[in-house]
Amino acid sequence: MSEISRRDFLKLARDGFLYLSGALTLGGLLRFLDYDPNPAPTTEFDLGPALNYPLNSRTLLSAPQAVLLHTENGFSALSLICTHLGCTVEQKTDGFTCPCHGSRFGSNGTVTNGPAEKPLQSLRVEVTDEGNLKLFTA
Amino acid sequence: MKKILTLASGLLLLTLVFAWWLNSREPKPVKLIPTLSGQPEYCITCHADVPEISASHPVVTFGCVSCHGGERLALDEDLAHSTMRGGANPSDLSVVEASCGGSNCHSGSEADDRHHIQRVMTSVQSTYAGAIANIRYTFGAQTDLNAHYGINAITDDQTKTDITSLFAFDPASETNPSIQKFGENCLTCHINATPREGETYDRQTGCAACHSTEQHTLATAIPYTQCNACHNRGNYDLRTMTFTERTDHPTQRIDDYYQPIAQFTQCEYTLDCVDCHTRSEVMGDGDLHASQKDIQYVTCKTCHGTLTELPLTKTLTNPNDIAFRMSFLNPIVDLKPGDTIIVTENGEPLWNTRVLSDGTYEMIGKATSQYFTFKPVIGSSCTQSGQDQSSAYCHECHAVER
Amino acid sequence: MFYYVPNPQEAALSVQTITYHVPFGGFIRNLHYWAAQLLLIVSAIHLLRVVFTAAYGHPRRFNYLLGLGLFILAILLDFTGYILRWDVDICYPLLTGTNLLKTIPLIGDFFFRIAVGGGEACSTGLLRFYVWHIFGLTLPIIILIAWHAFRVRRDGGIAVPPPQLRTDNTRISRNVLVRREVLTMFIVSIVLVLMASFLPAPIAPAMTENPSIAANARAPWFFLWVQQMLKWGDPFIFGVLIPFGLLVLLALIPYIFPKPVDSDIGKWFPKSNRLAQIVVSVIALIVIALTLLSLIPA
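Residue numbers (my numbering), protein chains in the order written: chain A, 1 to 138; chain B, 1 to 402; chain C, 1 to 298.
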C-alpha cells in the first residue's frame, strides 16, 4: 500500500462521495421516470353478432385496427398494424400498403415488398355462446 | 457602429409596429354559443349572411358545427372547413348519421317514428334495389327478381321483408355489357348520387335532395318541382341502355309536369306529389324492399273510396298523434283533437285533409296552400266495376286529355 | 404557455384558441415556431463552421462536446414541441419515432417508458412530452448554454492560433464584440418578426381516434432523412444505429481524427484537418440528399 497524503485521501473521499451521490440521484431519477400510471390497453373486443359478418366478407374494423375475415374455415382477423414501425396500413385492391415507409402486404398479410419483414399479425377470433364475436389482440 | 445600431433598433421598432398593425386588421371574431352544445363557435365571423335554415333548426340552438362539422374555433378558411362533413351538404348519405343522426334527432326510436335516417337509407330511392334487380335479371346476371344489390351495401337486422342485406352494386365487376352500360348511364337519379349536368337536374344529395328547396333551406312543404329534378325528365331505352331527355319545353303546370305520352287526372296535374304520396312511400318504411311497387300503395281509392266504400278516416283524439306533429311542421291547417282526417290503407294520416260535416272532404295543398273540396265515389254517377280498383281504370274516364 | 392545455382532448383546441383568439397569440406562436426551426439550421451551420475552421482542437474539445449535446437537445425540443400540437399529422411521427426506441435491444423498453411514459404513444404520450418540452429538456439546455458560453470565454474566446503562431494580432475590443452581437440580435429579431407576421406555423384539426384519417404520414422536416433511410429496412439499423453512429463519429472528431496544427486554428478550410472537413461535408450532403429524396412522392 503506497503512502497517500491526508489531503489527497480527503480529496479522493470527497470526489468518491460526490460521484456516488450523483449516481444515486440519477438512479432515483430514472426509477422515478420509469413508471406507467395508465391502465393496460384493452386486448379483448366485442364485435357484436356473428350474423353481421356474412360468409366471404372482409370487414374493416376501427377498434382495434384490424380486418375481420369470414371464410369456410371460420372467423379470423388480420391486424392492420404494420410490422415495421407500427403505422396503420391502408387497404388496397390487392392487399395493404403502409403510408410511412412503403411496406406492402398481400391480402393474407404476407410481406410482398418494403422494409417490413414479418407478416401482418393474425388475431384470434372466438364465437361466444350467444353467437357474438370476440377479437383478441393478445 | 453606434449609427448602425440606432438604425437597426429603429428598424426593429418599425417591424414591431408593422406586426401590431397587421394584427389589428384581422376581422374581429364573432362568437356563437349554441344552447345544444354549449361550446363556442366562430363560423358566423365570416358566414353572418347565411339565412336560418328552418324554424325547426334555429342557429341559436343548433349552431353550425353540430350539423356541418368543421373546426369551431378556427378563423382560417382552410382549417375551419377541413373537418366539415359532406362538403356543403352534411345530409349526404355517406355522412348523414353523424350530421343529422343521434337518438334525440333523426335516428330515434322506431316506436316514436323518429328513425328517419334508417328509413331513408333502406328506402328504394336510396338503394335502387328494384331497378338493379330487374336489369340484372333481364340480362341474365341473376335468376330471380329478388333484390341482392343496392347502390351501397346495407344490412337490416330487423327486416320484415326477408331481405336482410344488399351487396354494393359494382358495374365494373358485371360481365354483361348492358348491365355495365346501365351502371354508367342510369345511376344518377338516386339520392346517393350526384345528379346529371344541367339546370333541370339540379338538386342536392341525401336528405337535402328532397328537403332543400333553396340554398341553406330545409322545408317540409316540398313542391312538385323538387321531385321533377329526377322524375319526368325523359325516357330510357332498355336496348341501348341510354337515357333520352324530354325535348318538349313545358311552360305551364299542365305541360310541365308529365310528358305528353301518358294520361293523368286533374288531381295529378294540380296537386303536388307530397299531397298524395305518403312518408313511407317516399322515405321508406325502414325495411329493405325489392321493388318500388312493394312500397308505393296510395291510389285514387285512398282518398275517394269506391262505389261501395268510403275512404278510411280517423278521428284524432290522442294529442301525441303523428298527424299533429306533421301539421305543426307545415302549418297550413289548424288541426285539432276531434278533427276527422282521411287515413291510408296502412294507417298513415293524410293530415292535410278533413272530413266535412256534409260528407264531403277538404284538402289543402301542402306546398301551395290551395283549398280543394272533393266528393267520395259513393253516391256519384261513376260506372266503376267492383273488381277493378287500379288507378289506370279510373283514368279511363277521368284523364285530362279526354 | 398560459393557454396551452396538455391533455389529449383539449390540446389541439387550445392551440387553435391561442392561434385565433388570444391577442397576438398567433403571432407569438409563429415566432416560437420559426425561431425553433431557425435555431436548428443556425446550429447546424455553426457546427459546420467549427469543423471547417478547425476550432474544436484543444483546449476546446470539451466545449465541442457540449455543443453537440446542445444540438441534440435542440432537436429533441423541436420534436417534443411539434408533438404538443396533438393534431392529425403528428400521430405517425410520434408512433414511429417512439417505436424506434423499442427496437433497441435490452434497454429499449426502458427508454420507451422514460421517454413516453409507457402505454400507446398516440394515446398517453402527451403529458410526458409536455413536461420534457417545458422542463425536462429545458433545464439541461439552459445549463448547457451557460456552460458552453462560459467555456468559450475560458478557452480564450473565438478560436485563433496560440500567440506565438499568430499572423494577425489584431483583436476587437469587448465593446465592439458586444455591439456586433447586439446588432445581430436586432437583425435576427427583425427577420423573425417578419416571418411570424407573414408565415403561419402549421396547424391542423385535432387528432382523432382513428389514425388512418391522416393521409399525411410525413416526418417533421428535420427527421425526413431518417424516414427515408427507414424505407430501406430494419428499423434499429436505419433508425437508431446509423443516426447514433453519425453522432458518435462527430463526437470523436476532436479525439480520433488527425489533430489540426496550432497554426491552422481559426483559418477557413485549413489543410491539417482536411479529413474532418470532408467527412462532415459528406455527412451534411447525405442528410440533405436523403431529405430531398423523401419529398419525392412514392
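Keep in mind that the hints were calculated from the coordinates and are not lab data. Computed from a prediction, not measured in an experiment: that's the story for all the values here. Accuracy of the hints is not assured; some may be wrong.
As the list claims (entries may be wrong) - Calculated Cβ distances over 10 Å to all of chain C for the following chain A residues:
(1) R7
(2) L24
(3) L30
(4) T59
(5) L85
(6) G86
(7) T110
Claimed, not checked - Once the Cα atoms are required to be at most 27 Å apart in a straight line, the calculated DSSO-like pairs of lysine-lysine come out as:
(8) B/K28 with B/K181
(9) A/K92 with C/K259
(10) C/K271 with C/K259
(11) B/K181 with A/K92
(12) C/K267 with A/K118
C-beta atoms are modelled at their ideal positions from N, C-alpha and C, and glycine is treated no differently.
A quick look at each hint next to the structure:
1. At roughly 26 Å, the least C-beta separation between A/R7 and chain C is larger than 10 Å, which holds for a residue marked as non-interface.
2. For A/L24, the condition that its CB be more than 10 Å from all CB atoms of chain C holds, with the nearest at approximately 18 Å.
3. Under the 10 Å C-beta cut-off, the non-interface status given to A/L30 relative to chain C is violated; the minimum distance is some 7 Å.
4. Annotated as non-interface, A/T59 keeps its C-beta farther than 10 Å from every C-beta of chain C; the closest such distance is 15 Å.
5. Distance check for A/L85 against chain C: the nearest CB is about 4 Å away, which does not clear 10 Å, and the non-interface claim fails.
6. With a least CB separation of 5 Å from chain C, A/G86 falls inside the 10 Å interface cut-off, contrary to its annotation.
7. The Cβ of A/T110 lies farther than 10 Å from every Cβ of chain C, with a closest approach of about 17 Å, so its non-interface assignment holds.
8. Taking the CA atoms of B/K28 and B/K181, the gap is near 54 Å; set against the 27 Å cutoff, the hint is violated.
9. The straight-line distance between the Cα atoms of A/K92 and C/K259 is roughly 56 Å, outside the 27 Å bound, and the hint therefore fails.
10. A threshold of 27 Å between alpha carbons decides the hint, and for C/K271 with C/K259 the separation of about 11 Å falls inside it, so the pair holds.
11. Taking the CA atoms of B/K181 and A/K92, the gap is about 26 Å. The hint holds against a cut of 27 Å.
12. In summary, the hint linking C/K267 to A/K118 is not supported, as the alpha carbons are separated by about 52 Å, beyond the 27 Å threshold.
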